[in-house]
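> Spelled out, the chains give:
2 protein chains.
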Amino acid sequence: MADNNSTNATRAPLRLGIAGLGTVGVGVVRLLRANAELIASRAGRPIAITAISARDATRDRGIDLSGMAFEADMAALAARDDVDVVVELVGGSDGPALALARAALANGKGLVTANKAMIAHHGLEITASAEARALPLRFEAAVAGGIPVIKALREGVAANAVARIYGILNGTCNYILSTMEDTGRDFAAVLAEAQAQGYAEADPAFDIEGTDAAHKLSILAALAFGAQIDFASVETIGIARILAADIAEAAALGFVIRLIGIAEIDRSGAGPHLFQRVMPHLVAADNLLAHVDGPTNAVVVEGNFSGRLLFQGPGAGESPTASAVVADIIDIARGMDSGFEVDRSFSVPVAELAALAPAESGHRRGRAYLRFLVADRPGVLAEITAAMRDAGVSIESMIQRGRAEEGGQVMVAMVTHEGPESAVAGAMALLDGSPSLTAAPLVLHILDS
Amino acid sequence: MADNNSTNATRAPLRLGIAGLGTVGVGVVRLLRANAELIASRAGRPIAITAISARDATRDRGIDLSGMAFEADMAALAARDDVDVVVELVGGSDGPALALARAALANGKGLVTANKAMIAHHGLEITASAEARALPLRFEAAVAGGIPVIKALREGVAANAVARIYGILNGTCNYILSTMEDTGRDFAAVLAEAQAQGYAEADPAFDIEGTDAAHKLSILAALAFGAQIDFASVETIGIARILAADIAEAAALGFVIRLIGIAEIDRSGAGPHLFQRVMPHLVAADNLLAHVDGPTNAVVVEGNFSGRLLFQGPGAGESPTASAVVADIIDIARGMDSGFEVDRSFSVPVAELAALAPAESGHRRGRAYLRFLVADRPGVLAEITAAMRDAGVSIESMIQRGRAEEGGQVMVAMVTHEGPESAVAGAMALLDGSPSLTAAPLVLHILDS
Chain A
1 MADNNSTNAT
11 RAPLRLGIAG
21 LGTVGVGVVR
31 LLRANAELIA
41 SRAGRPIAIT
51 AISARDATRD
61 RGIDLSGMAF
71 EADMAALAAR
81 DDVDVVVELV
91 GGSDGPALAL
101 ARAALANGKG
111 LVTANKAMIA
121 HHGLEITASA
131 EARALPLRFE
141 AAVAGGIPVI
151 KALREGVAAN
161 AVARIYGILN
171 GTCNYILSTM
181 EDTGRDFAAV
191 LAEAQAQGYA
201 EADPAFDIEG
211 TDAAHKLSIL
221 AALAFGAQID
231 FASVETIGIA
241 RILAADIAEA
251 AALGFVIRLI
261 GIAEIDRSGA
271 GPHLFQRVMP
281 HLVAADNLLA
291 HVDGPTNAVV
301 VEGNFSGRLL
311 FQGPGAGESP
321 TASAVVADII
331 DIARGMDSGF
341 EVDRSFSVPV
351 AELAALAPAE
361 SGHRRGRAYL
371 RFLVADRPGV
381 LAEITAAMRD
391 AGVSIESMIQ
401 RGRAEEGGQV
411 MVAMVTHEGP
421 ESAVAGAMAL
431 LDGSPSLTAA
441 PLVLHILDS
Chain B
1 MADNNSTNAT
11 RAPLRLGIAG
21 LGTVGVGVVR
31 LLRANAELIA
41 SRAGRPIAIT
51 AISARDATRD
61 RGIDLSGMAF
71 EADMAALAAR
81 DDVDVVVELV
91 GGSDGPALAL
101 ARAALANGKG
111 LVTANKAMIA
121 HHGLEITASA
131 EARALPLRFE
141 AAVAGGIPVI
151 KALREGVAAN
161 AVARIYGILN
171 GTCNYILSTM
181 EDTGRDFAAV
191 LAEAQAQGYA
201 EADPAFDIEG
211 TDAAHKLSIL
221 AALAFGAQID
231 FASVETIGIA
241 RILAADIAEA
251 AALGFVIRLI
261 GIAEIDRSGA
271 GPHLFQRVMP
281 HLVAADNLLA
291 HVDGPTNAVV
301 VEGNFSGRLL
311 FQGPGAGESP
321 TASAVVADII
331 DIARGMDSGF
341 EVDRSFSVPV
351 AELAALAPAE
361 SGHRRGRAYL
371 RFLVADRPGV
381 LAEITAAMRD
391 AGVSIESMIQ
401 RGRAEEGGQV
411 MVAMVTHEGP
421 ESAVAGAMAL
431 LDGSPSLTAA
441 PLVLHILDS
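Just so you know, the protein sequences line up as chains A and B, in that order.
The numbering of the first sequence is our numbering, which starts it at 1 and goes up by one.
The numbering of the second sequence is our numbering, which starts it at 1 and goes up by one.
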C-alpha cells in the first residue's frame, strides 16, 4: 500500500535502464526531463534514468546524458542493481532486442518496449516469462504511437466481446495515399517526397509492403480476441501497386483508398477462426476512417456493448512514441508499492490465450474494386465480363477510362455487388494468363461503414 | 500477489451491490450476464451481484434478478458484509446518490459511479474520502458513455502536459444539430422527433441547455490539468437559439455547428487560469470533430508529446454506459489481490489538485460567427457595421439573406477575422437595446483546426 504521507520527491524513485538512443530513445529522455515534475506527481514518485546503452557512447544527440551510467553491453545494463525497469528501444524482432528482453526479465527487471516486431514474433514467450516471474511488461508504444489503444483494449473495453477491430496502422502509407489523393501524383513520386520529408524510411519496404501494419494488427488482434498472436497468418498486401488512376476512380465512386488492417473472428466454420488482413481498401465516405489523412493512425474497435469506438492520433515519431513509452513507465511506477498487476499484459494470462486457426478469406462477403490494365482492342471487355459472369460476380458499376495511344493499354475499373470473396478470386483465376491483360489485375476490398 | 495457480472460477469473486435499476443499471446486469465468462477471465475472478436496490422491487425490467438480495434501503445495501463494491447508478448530484456514495465509503466499500452530476459537484469530497480510506473509486461512465476517455486522461496520456481538451460531450445535442443540418428543419421540430425516438428526455433542459456537457467538461478538465473540479465556473450556453438558417449559413461558409465543450489553461495573466466553456461552435471542415454526427461523443486531447488525440464513440445509452461501468469494475477486480491503486482517481491525489482561478474569456482570440435578426429598413446594416468598427472587430465575410415580407425581420450573418473575444463583446454592448434588432444577436465562436 502506498505511503500517502511521503511526498512524491521523497518516495523511492523508479529507476530505468534505457537501451537504444535512436529517435524514440531520445524522445523518452527528453520527455522525462521536460515533464519531470508532472510525471512524478502522477506516478507518485520520481522517475530516474540510472543507466543507458547505445551503440555509440559519444555521438551528440542533442540531449544531456550526464548522471546516467553508460553500458556498452546491453546485458550489463539489464543486470545492474540500480535498474528496476529496462526500457527496450533497440528495435528488430530478434537479435539484441530479444536478448535484452530475455535478460531483463531473467534478472528480475520490469520491461517496457516499443518493439512491435519483437512482440509480434516473440510476445507470447516474453509475456509468459514476465508472468512466471511476476514482473511488469508493457508495450503501448508498439502500436499506433501515442494513441493509448493497447490500454483501451486491455482495460477500457475489457467488458466487451470484440467482434472486429480495424484501422489505419501505418502513418507512412497513409501519408503517401492521402498525398496521392490530394495531388493526383503517382506512388513513386510521392514516396520519394515522403522520404525527403522524413515520413518514409530510406528503405521503405517494411512500411509500404504492409509488414509494419501486420505486426501491429497481430498484437491488436491478440488483445481484442484473447487469442495467441499469429503474425505469420496475417494476409499482407502493400500499397505499391496503387495508381493515381485508382485513387481517382475511387474518388469518383465516393471512396478513398487507405491501407487497412482488419481482424475479426470468423464463426462460419467449426469453431472460431481468426481472420487477419492488411491491404489497401476502398473506404466509404461514411466510414469513421474516411477522413484520416496524413501520417496518422486510427483504430476502430467494435465491442458488443461499447459499440464502435474510434481512437485516432499521430501514429509515430519521437514525441508521440515517447508519450506511450512513458505512460507505461508511469503505470508501473504507480503499481510499485502495491505489487504489480502482473498477469494482464494481454488482458488475460498468456496461458489462457486461445490458439485460433486462421480463417479462410473466401468465407467473407463484401464488395470489391477490380482494376484491369488491358490491351486496347475489341473483345477485351467481353472477356472480362464473361469471366465475372462465369464466376458468379455481379457488377455494380464499371468504367473504361480514356483510350491509349496507338494500341497501348487502357484501364477498366469496376465495383462489384456484395458477394463472397471466393467468387472474385474465381473470376481472377479465369482471367489468369489472358493475353488481353497487360498487368495482373488489382483487387481491393471495400470497407463499408 | 495473485495466486496464478487458482482458476478464475475458484478465486474469490468481487461482490457488487448495485443501486439503481434504470437504463444503465439494467444494462450493467445484462452485460455482467452476457459476457460473464470473458469478464471473469479478464478480471481474474468472477464478478457477482450479491445485492440490488431500486425504487420498485416488483417492476418487470426484462432481466432476471434471482439470486440477488433486494434492499429497499440503499444505506442497508452499502452496509452489507457481502458487498465489496457499491455501484451507484441512481443519478442526481445530491440526495440519495450522494448519501449512498458517502455511506459506501464510510462502510469500507469501493465505489463505481456513472454519475457525472455528483462527481462534478462533489467529486473532490468523495475522492478525498476514498483516498483517506484506501478504497477504489472509479467513474469512467460519467463522461462520454463507452469511450474510455477518463482512463485515457488518467493513464494513457499521463506523461503529457495537456494544453487543451475539447469535444462533443452531449449526444442529444449532437443528434439534434446534425439532424437539423441533414434535414433543414428547425430546432423545435427536431427536438420533438428526438424525444419521440428516445434520443432526448421528456424534460430536455439538462441536455439542450448544456448543463450535462458542462458536468462532463469540468471532470475532464480536472483530470487533464490536475486542477480541482470547478463546475460553477463553466460558461454554459445551450443550443435552443440555433436556427436552421444559422446551420445553412455555416454550411455555406464550410462549417458545421456543434455543441462543444472546451477547456484550456490560460497563461496570459498572473499564474495559470482555467478556461471552461460549453457553447455551440462553428467547426471548420478540417477539424477532427467536423464529421461527428448523430448521438455520438468525441473528445480531442492535445498533449505536449502525444499530439492531438481523438476518442470517439456512442456517448450514452444502456449498453455503452454499462461497458464503462463494468470496465471500472474489472479494473478494481484486477487489483483486488495486490491492493488497490488508491490515490489515482484524478491521476494525482486529490490534495495535490491545483485550485485554479477561472480565466476571463475576453483574453481569448479567435474568429466568431455573428447573426442578427433585424428590422427590414434602411440604415440597419450601417448601424451594425459601425458598431463592429467602433469596437475594433474586423469582418471577414457578411451576408444578408432574403427579404422579409411587409417590413418583417431579415437575417444578417457575418464571420469575423481573428481577434480578441473582448472586441466582439464590445460590439454587442454597443448594439445592446438597439431598436433595429428584433432579437438578441447570436454569437458563436469558431473552432479552427
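The hints are simulated quantities; they were obtained by calculation from the structure and are not laboratory data.
Keep in mind that a hint or two might mislead.
[Said to hold, decoys possible] Rough simulated footprint, nothing fancy, chain B against chain A, three-plus residues with beta-carbon under 8 angstroms:
1. 36 to 44
2. 306 to 313
[What the hints assert, rightly or not] For each label pair, taking beta carbons as the anchor points, the in silico distance ranges come out as:
3. Gln195(A) - Ala270(B): 55 to 63 angstroms
4. Ala57(B) - Ala232(A): 49 to 57 angstroms
5. Pro378(B) - Asp182(A): 43 to 51 angstroms
6. Glu125(B) - Gly108(A): 37 to 45 angstroms
7. Asp182(A) - Ala244(B): 50 to 58 angstroms
8. Glu396(A) - Gln400(B): 40 to 48 angstroms
9. Gly184(A) - Asp203(B): 25 to 33 angstroms
10. Thr183(B) - Ala429(A): 42 to 50 angstroms
11. Gln400(B) - Asp182(A): 29 to 37 angstroms
12. Gly62(A) - Ala285(B): 31 to 39 angstroms
13. Asp448(A) - Arg59(B): 34 to 42 angstroms
14. Ala202(B) - Asp186(A): 54 to 62 angstroms
15. His363(A) - Ala36(B): 53 to 61 angstroms
What you are looking at is a predicted structure, and each value in this text was computed from that prediction instead of being measured.
We put the beta carbon where it would ideally sit given N, CA and C, even for glycine.
> Each hint: holds or not?
Evaluation of the provided hints:
no.: 1; hint: 36 to 44; result: holds (count 6)
no.: 2; hint: 306 to 313; result: holds (count 8)
no.: 3; hint: Gln195(A) - Ala270(B): 55 to 63 angstroms; result: 48 angstroms, violated
no.: 4; hint: Ala57(B) - Ala232(A): 49 to 57 angstroms; result: 56 angstroms, holds
no.: 5; hint: Pro378(B) - Asp182(A): 43 to 51 angstroms; result: 47 angstroms, holds
no.: 6; hint: Glu125(B) - Gly108(A): 37 to 45 angstroms; result: 41 angstroms, holds
no.: 7; hint: Asp182(A) - Ala244(B): 50 to 58 angstroms; result: 33 angstroms, violated
no.: 8; hint: Glu396(A) - Gln400(B): 40 to 48 angstroms; result: 45 angstroms, holds
no.: 9; hint: Gly184(A) - Asp203(B): 25 to 33 angstroms; result: 53 angstroms, violated
no.: 10; hint: Thr183(B) - Ala429(A): 42 to 50 angstroms; result: 48 angstroms, holds
no.: 11; hint: Gln400(B) - Asp182(A): 29 to 37 angstroms; result: 35 angstroms, holds
no.: 12; hint: Gly62(A) - Ala285(B): 31 to 39 angstroms; result: 38 angstroms, holds
no.: 13; hint: Asp448(A) - Arg59(B): 34 to 42 angstroms; result: 40 angstroms, holds
no.: 14; hint: Ala202(B) - Asp186(A): 54 to 62 angstroms; result: 58 angstroms, holds
no.: 15; hint: His363(A) - Ala36(B): 53 to 61 angstroms; result: 29 angstroms, violated
Going down the numbered hints, you'll see the structure goes against 3, 7, 9, 15, while the others check out.
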